[in-house]
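> So you can see what is in the structure, the chains are spelled out below.
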Amino acid sequence: MTRNVIISSSFHLIIILITAMSLPFLAKKPIDLPPIVSIELIQITEKTNIPFAPKAKKIIEKVKEKEKLVSEQAPPKIIKKEKPEAIPLPDENIEKVQKLEDKKQNPEKIDNKVKQASEFEKKELFDPNNIAALIDKSKEDVGETAEKTFKVSQNQDNTVDNIGLSLSEEDALKAQIFGCWSIPLGLPYNENLLVRIKLKLKPDGSVIKSEILDHARMNKPGQGFYKVLAESALRAIQLCQPLRVPSTGYERWKDLQLNFDAREMLEG
Amino acid sequence: MFLRYLIIFVFLLPINSFALIEVDITRGNLNPLPIAVSPLFSDKETKSNLKKTNEKEDIGSEISFVIENNLKKSGLFNPLNKDSFLQKPDIAHLKPRFEDWALIKAQALITGKVTLIDDKLRVEFRLWDVLAAKEMMALAFTTVPSNWRRVGHIITDKIYERLTGEKGYFDTRIIYVSEEGPKTKRIKKLAIMDQDGFNTKYLTLGNELVLTPRFNPTNQMVTYLSYFRNLPRVYLLDIETGIQEVVGDFPGMTFAPRFSPDGKKIIMSFAKDGNSDIYTMDLENRIVERITNHPSIDTSPSYSPDGKYICFNSDRSGYQQIYIMKSDGSNVKRISFGKGLYGTPVWSPRGDLIAFTKLHKGKFYIGVMRTNGKGERLLTENFYQEAPSWSPNGRVLIFYRETKTDEKGEGFSAKLWSIDLTGYNERLVDTETDASDPSWSSLLSN
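For the record, the sequence lines run as chains H and L. Quick note: the first sequence uses this note's numbering, first residue 481, plus one each step. Quick note: the second sequence uses this note's numbering, first residue 176, plus one each step.
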C-alpha cells in the first residue's frame, strides 16, 4: 500500500517538476516576437456580381452596331429564336382542386371548431386532435416543390474550393434579403434577438427546406418576441425566393445558414 | 485487431466535406408590413336583423374599417386597398386562396365573420400568414351590437401583438382638456374619447379651470387639478360611475398630480413656505409624505413602472434638468446633460425610456432618453408643444401642440398629436374641439 503511494507521489512530483521547468517565465531570455500583422483573406471571384449597367450596355451595343455597319464582310445576321416569355399561368389542375375543396367545405363544419365565447371572453380556436400537426408545422417549413436530386458534374465541382461565399456573392445575397426582411419594430432591443435558420437550396436558389435552429425557444414562455422575429425571418426567405446564389459551386452552398440579427437595427 | 485498423483507416480517409456557410443578416427594411383586411362577412339575415337593432347595417365591413384605420395609424402596417382584393370575404374566411393574396403583395390577411345570436353580436376573425400559407390566430368575441367599435379595437390589439411581439394600444381611451373660445377667455372641460377620436364625452361643465388629467395605470380612475375659488384642488374621478371626490386642497402652486404604478398613491409637487418640492399622498389614509427637500424648484414627478424610482425635473443645477431618485427620495442623480431646458419627464410603461419636453433656442422638442440619460433622441420639433403621455405599450407618445397667434390675435389653436418612437409616424389626433394635456389610459380589456 505505502509502496504504491510513494510510487504515485514521486511520479506526480516528476510531472510537476517537468511542467514547472518548461514554463515560459523560467526561460533565460524571452523570445522577442515581431508584432502580429493581421491579414484578411478575401476570395475574389472570376466574375463580379454587379449587374451590367443598362445605359452602358446600350452605348456598347450602339457602338457595336456602328462597327457592324462599317464592316464590309459582316456575317449574316443570326436571328435568335425568340423564346416565349415565361408567363406564370395558373395551374388549372390546382385551381380545379381548389374549387372542389371550396365546394366541399361545409361552413357548419368550420363553425363547430369555433367555440362560443362569452362576453369579451377570448378563446383560441384550435382543434385538439391536431396539436401534433401544429407543432410539426412550426418546426420546419418544407417548400411546396418536392425535393429533387440535382446532379452536379464532377468537373463543375472540382473548380470550386472548399471555402465560403466570396465577398461579392455574400453581398448580393445579403442585399437581396435586406430588402425582403421587414423587421418587427415592437421587439425589445435589449434581448438576444438572433434567429438562425438553416436552408436547403436548389441550384436555382429556391428553398427546399427551412429549419429554425433554436426551435425550442419558440414555445418558451416569455419568448413571444422570438417567435415573431423567427416568423418575420421565414417570411423574408419566402418573399426573396429564389435566393441570389452563385451560379456555380452548388455543392458548396446547397446547405446555407442565415443568421438574422435585429439588434443593430432596433438599437438604432 | 483488424477492426481497430479498419476504424483508424476509415477516419483517415480524405472526405470531401464542406463547412456550412453562414451569412449574417443584420439589416432589414422598416417598411410597414403589407396587410389585407378583408371585410368581415355577414349574411343577409344578420344584416337585416342588425339594421333593426343598430344604425349600421354592414357592421362586418365597419369593423374591418376600424381595424384597418388602427393598423394604418400605427405606422407599422400598410393595409392594402380593398379594391385590389380578388377573393370574396365569405370564401376568404373559410379558406383563403393564398396565391390571390400573395399576388397583391399581402404578407398577412385578416378575415372574419359577424353573426347575430340572441341579440348578441358574435364576431370571429382569423389572421393568416399569406407567404407560409397558414393560420396564425383565430378568436371569437360576443358582445352587445352597440359595442362593435370596441370589438374592432380588441381585434386590432390581438393582431398587433401577434405580428409585432408587443402588446397593442388600441382598446384604450384618452382623457384631455377640451378648449373652446378665444385665447384670453378659454372654456376648459375634461373630455374623454377612444384613442381613434370617436365616442367623445365631456366629464365637466367648464365652469372651473381644469388641468393635467392623469389616468390611474390600474383602472379607469382619473386624477386632475381644478381651481376652486382660485385655490388648486386635486380631484379623483371614476369614469365608469362618474363619481368625483376631492383629494385635498393644497396651498400655493400645485402641479400635475400623477398616480403611482399600483394606483394607491398620488405623487405631485406643490409649494410650501415658498419652496416647491415633491410630495406623495396615500389615497387610503390621506397621509402626505415629503419626498424631496431642496431649496430649488422640484416639479413634474413620475414613477418608474416598478415603483422603485421617480424621475422629476429640478433647477438645482441652475437650469431646469431631469433627475431620478429612489422612491424614498434618496440617491438623487441628474440624468440630462444636453443644451437647453428639460421638463415634464414621463417614465415609459416599458421602463426603458423617459420622455421629456425640451426647450432650446426658442423651439420646443419632444424627445426620449434612456433611464441613465444616454441615447437622447429628439422626435419632433415645433413652436410650442409639451406634456407627452405614453401609450400603454410604450411605443407611441401623445402630446399637445399650440400654434402661434398672428398679429391680429387670431390663429391660435391647440391640438393633440401622436408620434411613435421611430420619430417618423407623426399624426394629428382628431378631436371635436381644441385640446391639450392628454393622458393615455391602460388597456380596457385587461
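Please keep in mind that the hints were generated in silico from the structure rather than gathered at the bench. C-beta atoms are modelled at their ideal positions from N, C-alpha and C, and glycine is treated no differently. Please note that a few of the clues may not be correct.
Stated by the list, open to error - Per the computed footprint, the stretches of chain H lying under chain L, defined by three or more beta-carbons under 8 Å from a beta-carbon of chain L, are:
hint, stretch
1, 649–659
2, 715–726
3, 729–741
> Confirm or reject the coverage of the stretch 729–741 of chain H by chain L under the rule of 3 or more residues with a beta carbon closer than 8 Å to the chain's beta carbons.
With 10 residues close enough to chain L, the hint holds.
> Okay, the stretch 649–659 of chain H and chain L, do three or more residues pass the C-beta test at under 8 Å?
holds (count 6)
> Are there at least three residues in the stretch 715–726 of chain H whose beta carbon sits under 8 Å from a beta carbon of chain L?
holds (count 4)
In this structure, none of the earlier numbered hints is contradicted; all agree with it.
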